[in-house]
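K.L.:
For reference, the chains in residue letters:
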Amino acid sequence: MRFSTIIKNFYNWLTHPISPVPVGLYRFFLGILCLINSYYLWPDLQMWFSSTGVLPSTLNNSLQGLDRLNLFYFFGSELSTVRIVFFVHVIASLFLMMGLGSRIASTCVFLTLTTLHHRNVYILNGGDTLLRMMSFFIMFVDCGRAFSLDRLLRIFFGKENPGDSKFIYPTAVRVMQFQVCCVYFSTFYWKATGSHWLDGSAIYMVNQLDQFSRFWVPSLFKTVVFSKFMTAFTLTLEGSFAFLVWFKDTRKWVLLFAFLLHLGLEYSLNIQLFQFAMVTTFVLFLTRDDLKKIQMVVSRFILAQFPQLKIFCFYDGTCGFCKQTVKVLVALDILLCIRWIDGKNPEKTKIFLGFDSTRMTSEFLTLTHDQWFGGFPAMRTVALRLPLLAVFGWIGYFPGMHIIGEICYQYIAGRRHKISQLLFSNITCELPQKNS
Amino acid sequence: MQLFEVNAVIFIISHQRQSFKLWHNKRMKTLRDYIFVAAALFYMVTAFFWSMPDSFALKTIVINPGAAFFQWSGLWQNWAMFAPNPVAEDVYVSATAFFTDGSTAVWKLNKMDEMSYATRYAKERWRKWGSDNLRQDSYRALWLPGADFIARKMGKEHSKKVTKLNLTRHWHPVTVPFNNDVLQNRGPWQQFVFYTLDNADRHEK
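Chain order of the listed sequences is A and B.
For the first sequence, this note's numbering begins at 4 and goes up steadily by one.
For the second sequence, this note's numbering begins at 15 and goes up steadily by one.
There may be inaccurate statements among the hints.
What the hints assert, rightly or not - A few chain A residues facing chain B, derived, Cβ under 7 Å: (1) Met-208; (2) Gly-267; (3) Ser-271; (4) Asn-273.
Rather than coming from a laboratory, the hints here were simulated on the basis of the structure.
For each residue, glycine too, the CB sits at the ideal point set by N, CA and C.
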C-alpha cells in the first residue's frame with residue numbers, strides 16, 4: 004500500500020459523510036448522563052460551588068487563574084447565580100436528551116458544565132472529564148438528525164421520511180472516537196509503568212480499598228489467581244482497545260469485553276457515573292447496520308415472549324394529517340410490532356375479517372389478536388406499544404380518561420382537513436371538509 | 015435571427031454562472047474539509063501527548079501551542095486512574111467539633127464503607143474532595159474554607175456554637191503480603207490532626 008493511499012483514506016475517514024444514527028443515540032445517552040449527574044450534584048450545590056461553601060470564588064480564582072471558561076467570573080458565585088447556572092444546565096441537558104434544538108442545547112450543556120467544573124476542580128473524577136469533553140465535541144456534530152424530536156418534527160412536516168436520515172459531516176464524531184481510544188491507551192501506558200500492574204497485584208490492592216468498595220465481592224475474587232488474571236486482562240484490553248476497535252472482525256469482541264469489564268467495575272467500585280460515561284461512548288463505534296441488527300434481535304426476542312404486542316393499524320390514506328402522523332408513529336415503533344395499512348385500499352383490507360370500512364371514514368382503527376378498537380382506544384393501544392409513548396398509553400387507562408380522550412380525539416379528527424391546510428403547505432387532504 | 019442570438023448569449027452566460035457556482039461551492043467545500051481536518055489533527059496530536067506522563071518524549075514541546083486553549087476550554091485531561099499504581103492506603107477525613115457547652119461531636123466526612131450503598135454512591139464526590147485533596151499538605155489552601163464550612167454545618171445541626179474544629183486524617187496501609195490470607199493482615203488505623211480551626215478568636219494551627 005502506498006503512503007499517499009493511506010493519507011487519502013485517512014482524509015476520507017475524516018470527511019466522508021456518515022449516518023447520524025449512532026451519534027444521535029449517543030446524544031440521547033449523554034443527555035441522560037448529564038441529568039443524572041445534575042441529580043447527584045443538586046443536594047450539595049451550595050457546598051461545592053457557592054462562595055459560602057468549601058471553596059470561596061476568590062480562593063478558586065487565585066488557585067486556578069482567570070484563564071478558564073467560567074461564567075462565574077462575570078456573574079459571581081452567590082448561591083442564586085449558582086442555582087441559575089445549574090437550572091440552565093438541567094434544562095439544556097433535558098433538551099439535549101430529547102433532541103430539541105440540539106445545537107443550542109449542546110452548546111448550553113458544554114458552557115454550563117465547564118463552568119461548574121472550573122468552579123471546583125477538586126471534586127471531579129474521570130467521568131466528569133469525559134462528559135465535559137464529549138459535550139464539547141458534540142457541539143460540532145449535527146446530532147439532532149436521529150433519535151430526536153427535531154427529526155420527528157421534520158417527519159411530521161414532510162421534510163423527511165422515516166428510515167432515511169440525511170448523512171452528516173463526520174469530523175467531530177471521528178475525534179470523539181479517537182478520544183475514547185486515547186483514554187484507553189493513555190491509562191494502559193500509565194499502568195504499564197507501575198510495578199503492581201506488572202506483577203499482577205494491582206486488582207488485589209484495589210479490592211482492599213474500602214473507600215472504593217461498593218457491593219459485596221465474593222472472596223473468590225480477592226485471591227492471587229483472580230488478581231493476576233484480571234490485572235493481565237485489564238492491561239491487555241486497555242492496551243489493545245485503541246487498535247482492535249477499528250477492525251470489523253475484532254470490533255464487536257473488544258467492545259463486548261470492555262463492556263463486561265466496566266460492568267464488573269460498576270458493581271465492585273464506587274466511582275460515580277464513570278463506567279456509564281465510558282460504556283455509552285461505545286455506541287459511536289457502531290454503524291447504522293449494527294444498530295439495525297440489534298434492533299431486530301431485541302424486537303424478535305420481545306415479540307416472541309409477548310406476541311400480543313403485534314397489532315394492525317388502519318389509517319386513512321387520503322388524509323394528509325393522518326399520513327404524516329402515521330409516519331411519526333412509524334419512526335417511534337422501535338419494537339417493530341405495528342403493521343400499518345391504508346384503510347382506504349380495498350386490496351389490503353379485504354383479508355381482515357370484521358373490517359368496517361364505514362367506521363374507517365371517521366376514526367383510526369386497530370386490530371389486536373382478538374379485538375377491534377377505534378378512535379381514542381385505538382390510539383391508546385398504539386401508544387402502549389411505542390416505548391417513548393407508553394406512559395401516555397397507561398395514563399389513558401386512568402378513570403375518566405377515556406371520556407376526555409374520546410372528546411379530544413373526535414375534536415381533532417373532525418378538523419383534520421383544516422389542520423392539514425394549516426400545517427402542511429405541500430400535503431393535500433382528499434377528505435371532504437367537515438363543518439365544525 | 016436576432017432573438018436566436020440573444021437567447022444563445024443568455025444561455026452561455028447562465029451556463030457559465032452555473033458552472034462557476036458549482037466550481038466555487040466545490041472549492042469552498044474542499045477548503046472547509048481542509049480546515050476541519052487540520053483542526054481535528056491538531057486536537058488529536060495535542061490530546062494524545064497531553065494524556066501521557068510528563069516523562070513522555072516531546073510532550074512539553076507538542077502540547078505547548080494548544081495548552082492555553084486546552085486549559086481555557088476544559089479539554090485538559092488525565093487518565094491515570096489507579097496508575098501508575100493503585101493507592102496503597104485507605105484514607106478518610108473526620109471533623110471533631112468542640113462546642114461552647116463543652117460537648118464534642120465527631121463527623122466522619124467520607125468513611126464510605128460505613129454509608130449505605132445509595133449514600134456512598136451519591137457522596138462519592140466527598141471522597142474525592144476529602145481523601146484525594148483536602149487531607150493533603152499540598153492543598154493546605156483548602157483547609158480554612160473547608161473547616162469553616164464544616165464548623166458552620168455542624169453548629170447548625172447541633173444548634174450550638176462551635177468554638178474549635180479539628181480536621182483529622184485517618185489512614186491504614188493495604189500493602190499486604192501477596193497471599194491468599196487477606197483479612198488478617200491489614201495494618202492498624204493511624205490518625206493525625208492536620209488542621210485546627212479556633213473559632214474563639216479565629217486562630218489557626
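K.L.:
Hint by hint, note whether the structure agrees.
P.N.:
Evaluation of the provided hints:
1. Met-208: holds (5 Å)
2. Gly-267: violated (14 Å)
3. Ser-271: With Cβ-Cβ at 12 Å, over 7 Å, it is violated.
4. Asn-273: holds (5 Å)
The structure shown violates the earlier hints numbered 2 and 3.
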